[in-house]
Amino acid sequence: MKYVNLFQKATRFFDLTLTLIVTLLSLITLIGCGEDDETPIPPKLPEVSTAAISNITKTSAGGGGNVVSDGGAEIVARGVCWGLTENPDITNSKTSDGIGVGSFNSVIEGLAHNTTYFVRAYATNSVGTGYGPQVSFTTDDLSLLDDLISYWTLDQTAGNTATDAAGNWSLNLVNSPTWFTPGKKGNAVDFGTESIRYLEKTGFYTPNKNTYSLAAWVYLEDESADLKYIMGMNSGGYAENAGAAEVKIYLDAENKLAAMYFTNDGVNHGTESVMLRTSGASLLLNTWYHVVGVIDDGTVQLYINGQIDNSNETENSVKTNLYITNGRITVGNARYTNKHILLHGGGAEN
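Under numbering that gives the first Met the number 0, think of the first position of the sequence shown as 0, with each following residue one higher.
Hints were generated in silico from the structure; no laboratory data involved. Hints are all accurate, no fakes.
Here are the simulated lysine-lysine pairs, BS3-like style, with alpha carbons at most 25 Å apart:
| id | residue 1 | residue 2 |
| --- | --- | --- |
| 1 | Lys184 | Lys57 |
| 2 | Lys183 | Lys57 |
| 3 | Lys57 | Lys208 |
| 4 | Lys184 | Lys200 |
| 5 | Lys183 | Lys255 |
| 6 | Lys255 | Lys184 |
The following label-pair restraints were derived from C-beta to C-beta distances:
| id | residue 1 | residue 2 | range |
| --- | --- | --- | --- |
| 7 | Ala76 | Gly202 | 48 to 54 Å |
| 8 | Tyr204 | Gln133 | 41 to 47 Å |
| 9 | Pro42 | Asp146 | 49 to 55 Å |
| 10 | Val75 | Thr319 | 39 to 45 Å |
| 11 | Gly185 | Ala280 | 24 to 30 Å |
| 12 | Asn113 | Gln133 | 17 to 23 Å |
| 13 | Lys318 | Ser68 | 45 to 51 Å |
| 14 | Thr210 | Glu46 | 39 to 45 Å |
| 15 | Gly158 | Ser310 | 38 to 44 Å |
| 16 | Asp251 | Gly185 | 26 to 32 Å |
| 17 | Asp251 | Asn113 | 26 to 32 Å |
| 18 | Ala165 | Ser59 | 17 to 23 Å |
| 19 | Thr156 | Asn320 | 35 to 41 Å |
Given the structure is predicted, the values throughout are model-derived calculations rather than measurements. Even for Gly, the Cβ is constructed at its ideal location relative to N, Cα and C.
Given these sequences and hints, build the entire structure.
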C-alpha cells in the first residue's frame, strides 16, 4: 500500500508539473501571437487650420495657418493657396512656408486691386495634401494708394477722352480706338487689328523716383506684331533713342510679358542702363489677363493673374531715378522699332 501511495503521489506531481508547463507555453504563445498580429495605424491627410487675412493692400495681404496634425507622416510642404474662385488648391497660386507641424505665416503677393480672393492653408505629407477652412478678402482699390500717378477705369462708353480717376492725366483717344462692353471689369477699349490706335497724353511728367508699378487687364486678339505695347511713360522718345527715358510693360514676339526701365544716362537700347525682365509664360489669344510690372530700386517683378513669374532673371540693375518732364503716357497698341509704328490687336482695361 505504501508503494502504491508513493506512485500515486508521483503521478499527481508529474501531472501538475506537465499542466503548469503546458499552461506557461500556451501563455507565451498567445502573448507572442498578439505582438506579431498588431496592425500599424496607416497615415492620413494632415489636419490644417487657416489664419485670418491681415495687412491687406491693393496687391498683397498677410495670411498663414497651423498644421495641427501631420496625419502620421512627415509634412514636406505647407503654406497657403489662393484664387478667384472658391476652394483653391495647390494647382492655383500658393506660397511655400516651410515643413513640419505648427503655425506659419504667409505673404500673398501679385494681387489685382479691388478684387475678391479665396484662400486656404495647406499641408502635404506622403498621403496627399490637406486643406484648412476657406477664408476670403478683397484687396484695396487704387484710390486708396498714396503716390498714385494715374488710374484709368476705361468705363466710358463714348467720347475721345479716357478719364483719369486720380484726376491727373486723362488720355486722348488717337485714331479712334472704340469703347466696348463688357470688359473684364466694367467697360474697355478695343484697339482693333487694322489701324494704329492708342491712348496718349503729352506734356506728362513723373516724380523723381525709381519705384513704379504698371498694371492692366489685357485681351490679345492678334499676335502679328513683335512688340505689343501695353502701357508706359517716356520722355518723348523711346528707349532705342539716345537720351530717352522710359518705363513700360509690353508683350514681346512670343507674347511674353516684359517690363523695362530705361533712364536718361543711357546711350541706346541694350546697354547697362536698360533694366528688363521677361516672363517665362506666354499669354494666349482671346483670354483676359491681369498683368503687373513692378520696378523697385533696381529690381523688376512680373505678375500674371496674381501669380509672380520669376522664370527669367532681371537683365541689369538700374537704381537711377527716372525723371521725365514734358513727356508722354501711352496706353495701347503704339509700337516703335526701326522708326516704324506698328500695332497689336486687342483690348485693354485698367
